[in-house]
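Count along the sequence shown from 1, add 1284, and you get the number used in my numbering.
Derived by calculation from the structure, the hints in this document are not laboratory data.
Be aware that one or more of the hints could be misleading.
[Said to hold, decoys possible] Here are the simulated distance ranges between beta carbons: (1) 1381 with 1413: 17 to 27 angstroms; (2) 1675 with 1844: 39 to 49 angstroms; (3) 1722 with 1444: 54 to 64 angstroms; (4) 1348 with 1617: 46 to 56 angstroms.
[As the list claims (entries may be wrong)] Quick list of in silico lysine-lysine cross-link-like pairs, DSS-like style, CA-CA up to 30 angstroms: (5) 1836 with 1763; (6) 1836 with 1555; (7) 1778 with 1836; (8) 1619 with 1524; (9) 1778 with 1721; (10) 1333 with 1786; (11) 1666 with 1619; (12) 1524 with 1417; (13) 1786 with 1721; (14) 1367 with 1555; (15) 1717 with 1786; (16) 1367 with 1786; (17) 1836 with 1524; (18) 1778 with 1326; (19) 1836 with 1326; (20) 1621 with 1555; (21) 1721 with 1760; (22) 1778 with 1760; (23) 1417 with 1555; (24) 1836 with 1333; (25) 1524 with 1367; (26) 1417 with 1367; (27) 1760 with 1524; (28) 1367 with 1326; (29) 1763 with 1524; (30) 1348 with 1417; (31) 1417 with 1381; (32) 1626 with 1555; (33) 1836 with 1367; (34) 1721 with 1763; (35) 1555 with 1524.
Computed from a predicted model, the values in this text were never measured in an experiment.
All C-beta atoms, glycine included, are put in the ideal place defined by N, C-alpha and C.
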Amino acid sequence: MKLSVLHRIWVMVVIGCIWMPLAAAAAPVRIAILPFSIHADKDYAFLQKGIAEMLASRLSVPEKVVVIDPALTVRAAEALRGKSSESLARQAGAELKADYAVHGSITILGESVSIDAVTVDINGSRPALTFFKQTQDLGGVIPQVDRLAEEINTRLLGLAPRATGAQGAAGPPPAAAGRPQAAPPVQPDVHKHPEKLLQKSPFASSQTEEASGQTPSHRLNPAFQAAYGDSVEDNTVFWKSRNYDHMINSIDVGDVDRDGLLETVVATPEKIIIYRFAQGRQETIAEIETGNFLRNISVSIGDINRNGTPEIFVTALTIQLNALESYVLEYDGAKFKPLVEKSRYYYSVVQHPTLGTLLLGQRQASSVSTPFDAPVFEMTWKGADYEPDRQILPGRKASLLGLVYGDIMNSGGDSIAAFDPYDHLQVILPGGKVEWKDDDVYGGTVLYFALPPNAPGDGEQPFYLPVRIRSADLDKDGKNELIVFRNEGGTGRKLGVRRYFKNSRIEALGWDGLALHPLWKTRQLSGRIQDLVVADFDNDGADEILAAVVSKEGAIIFTDARSSLIAYDLSRPK
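Make a model of the complete structure from these sequences and hints.
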């Protein structure tokens, strides 16, 4: 009798253990979709609302997934304004009793729209998942949101993809033969309206007119507006990375780990990050922390010591921004180790048309001298350090950070293109004579060297650093072009205020015998460009123009920023 009772109890415990997880699994998953932040130079509030509502519609699955009322989610997010994206998502999700929260951003650069989304497990048992979608115009947003929702459902929740009809939406059950069908119910405006806005947006139409209007596209890429009607029909526009939660101060490309593939080296204020882009994927090779007492300003790559492994030259300032502490890294087969530390030189690697890869250096003599004061030298490896050898340019002519050296005038001789302290572009002969100077301004950055106060009680005097110039024969016609960029809007270069730039564009210039003249330019981008390079960054066998775009500066210039990489293909004439 006792055994029978114990047997019954054991059976009940087993059934309970089986039933309880099944009952828990039967409860629908609750998801909170937070308002996506917008990074653009126009008012796209309708897009923010539209994407949230489309995601809510597409993520909802009867008896499996419940999306919390967007109005409740917006109120919860508003109450937590000022917190970081992930912290806000976690707290809002917890208050709404959600299992997962979705947050992200929408970035509009020219005509291209990219959507970054992150799913956060409120209970913390699963790591955050990131999702990224891109389309070349607003008309492509709807199908990309469909794909984004499907990926979230499959990767996050393990749900099978929905069956789709000819229009890409969930298809209705087949009609019974011979039975008249009632008209489909009208969709609520909450779901229909945002999609109509996207399909018939005034911004979408104006962009389309711009793309097919009076300014012809250049033959290298239709995203380039030709200066003289040198055009060709092509579908190539540009690629964009996901958004990074840090400021990118500089980029360069090279095979820094000797694996036969090119890596993209990114300098953020406090670390060096090495990425590899290949076959449509991004891989992080290394992250090298440089601490809280240095600020990385610029990075260049080149095998200057001729040992077969390219070095990474990092120009860095102290935390006070008033002294140089540059350093050099090299891969030893296992890690990136320092070759040189606490150098007083600005570094820049240039590709000379006849001399090959050169390292240029410019010393910062003291905290009271400007970044333009010292002469520029070619640097050579002397066994323990890089030392000045041949003078390239006398002092007080240019800052090395905004200088390129080579056959700028396509004359077979050496010349230099560089910025003056006010962002005017110059062509300078090696002896220091200014051959030509532009009245217009290019470049523009928020990075600066802190000079001492002019008088007791005054603050530091920011001496704004110039930006990089690149030189390359992009169209393989035997003539070099200069690739520069122009940051505009915001506070711009107004005196007495910290700089802020709202939009930007890349331009190519060529020497016509008298001056540098425009060849093409990209359409306007939202955010400021900080650096660019011409290289096969994605290892597809063809060069691209790769640029770092800062879409959010942050609370101060070195923190809470948002950046991304964009790349333009360079089509070769047949």
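Here is what the structure says about each hint:
As the Cβ distance of residue 1381 to residue 1413 is approximately 21 angstroms, the hint placing it in 17 to 27 angstroms holds. Look at residue 1675 against residue 1844: about 42 angstroms separates their beta carbons, and that is inside 39 to 49 angstroms. The hinted range of 54 to 64 angstroms is satisfied by residue 1722 and residue 1444, whose Cβ atoms lie roughly 60 angstroms apart. Taken as a hint, the range 46 to 56 angstroms holds for the pair residue 1348 and residue 1617, whose Cβ atoms sit roughly 50 angstroms apart.
Annotation: proposed proximity of residue 1836 to residue 1763 is violated, straight-line Cα distance about 37 angstroms (limit 30 angstroms). Simply put, residue 1836 and residue 1555 have alpha-carbon atoms about 18 angstroms apart, close enough for the 30 angstroms limit, and the pair holds. Between the alpha carbons of residue 1778 and residue 1836 the distance comes to roughly 20 angstroms, so the proposed pair stays at or under 30 angstroms and holds. Restraint check: the Cα-Cα separation between residue 1619 and residue 1524 comes to about 29 angstroms, which is no more than 30 angstroms; the hinted pair holds.
Note on residue 1778 and residue 1721: the hinted pairing holds, with a Cα-Cα distance of about 21 angstroms set against a maximum of 30 angstroms. For the suggested pair residue 1333 and residue 1786, the alpha carbons sit about 23 angstroms apart, so the restraint of at most 30 angstroms is met. Only pairs whose Cα atoms come within 30 angstroms are accepted, and residue 1666 paired with residue 1619 is accepted, the gap being roughly 23 angstroms. With a CA separation close to 10 angstroms, the supplied pair residue 1524 and residue 1417 stays within the 30 angstroms bound.
Distance hint between residue 1786 and residue 1721 is fulfilled; the C-alpha atoms sit about 26 angstroms from each other, no more than 30 angstroms. Restraint check for residue 1367 and residue 1555: satisfied, since their Cα atoms lie roughly 23 angstroms apart, inside the 30 angstroms limit. For the hint linking residue 1717 to residue 1786, the alpha-carbon distance of about 35 angstroms lies beyond 30 angstroms, and the restraint is violated. The straight-line distance between the Cα atoms of residue 1367 and residue 1786 is roughly 23 angstroms, inside the 30 angstroms bound, and the hint therefore holds.
A threshold of 30 angstroms between alpha carbons decides the hint, and for residue 1836 with residue 1524 the separation of about 16 angstroms falls inside it, so the pair holds. Of the supplied pair hints, the one linking residue 1778 and residue 1326 holds, its CA atoms being roughly 22 angstroms apart against a limit of 30 angstroms. The suggested pairing of residue 1836 with residue 1326 holds, with an alpha-carbon distance near 15 angstroms, which does not exceed 30 angstroms. For the hint pairing residue 1621 with residue 1555, the CA-to-CA distance comes to about 14 angstroms; that is within 30 angstroms, so the pair holds.
In summary, the hint linking residue 1721 to residue 1760 is supported, as the alpha carbons are separated by about 26 angstroms, within the 30 angstroms threshold. Distance restraint check for residue 1778 and residue 1760: the Cα-Cα separation of roughly 39 angstroms exceeds the 30 angstroms cut-off, and the hinted pair is therefore not satisfied. For the hint pairing residue 1417 with residue 1555, the CA-to-CA distance comes to about 27 angstroms; that is within 30 angstroms, so the pair holds. Between residue 1836 and residue 1333 the CA atoms are separated by roughly 21 angstroms; this keeps the pair inside 30 angstroms, and the hint holds.
Among the hinted pairs, residue 1524 with residue 1367 is consistent with the structure: their alpha-carbon atoms are about 26 angstroms apart, no more than 30 angstroms. Between residue 1417 and residue 1367 the CA atoms are separated by roughly 25 angstroms; this keeps the pair inside 30 angstroms, and the hint holds. The suggested pairing of residue 1760 with residue 1524 holds, with an alpha-carbon distance near 25 angstroms, which does not exceed 30 angstroms. In summary, the hint linking residue 1367 to residue 1326 is supported, as the alpha carbons are separated by about 24 angstroms, within the 30 angstroms threshold.
A distance of roughly 29 angstroms separates the Cα atoms of residue 1763 and residue 1524; the hinted pair therefore holds under the 30 angstroms criterion. This hinted pair checks out: residue 1348 and residue 1417 have alpha carbons roughly 25 angstroms apart, not beyond 30 angstroms. Taking the CA atoms of residue 1417 and residue 1381, the gap is about 28 angstroms. The hint holds against a cut of 30 angstroms. Distance check on the hinted pair: residue 1626 and residue 1555 sit about 16 angstroms apart at the alpha-carbon level, within 30 angstroms; holds.
The suggested pairing of residue 1836 with residue 1367 holds, with an alpha-carbon distance near 15 angstroms, which does not exceed 30 angstroms. Only pairs whose Cα atoms come within 30 angstroms are accepted, and residue 1721 paired with residue 1763 is accepted, the gap being roughly 20 angstroms. As the CA atoms of residue 1555 and residue 1524 are separated by approximately 22 angstroms, the hinted pair is consistent with the 30 angstroms bound.
Taken one by one, the earlier hints fail for this structure at numbers 5, 15 and 22, listed in ascending order.
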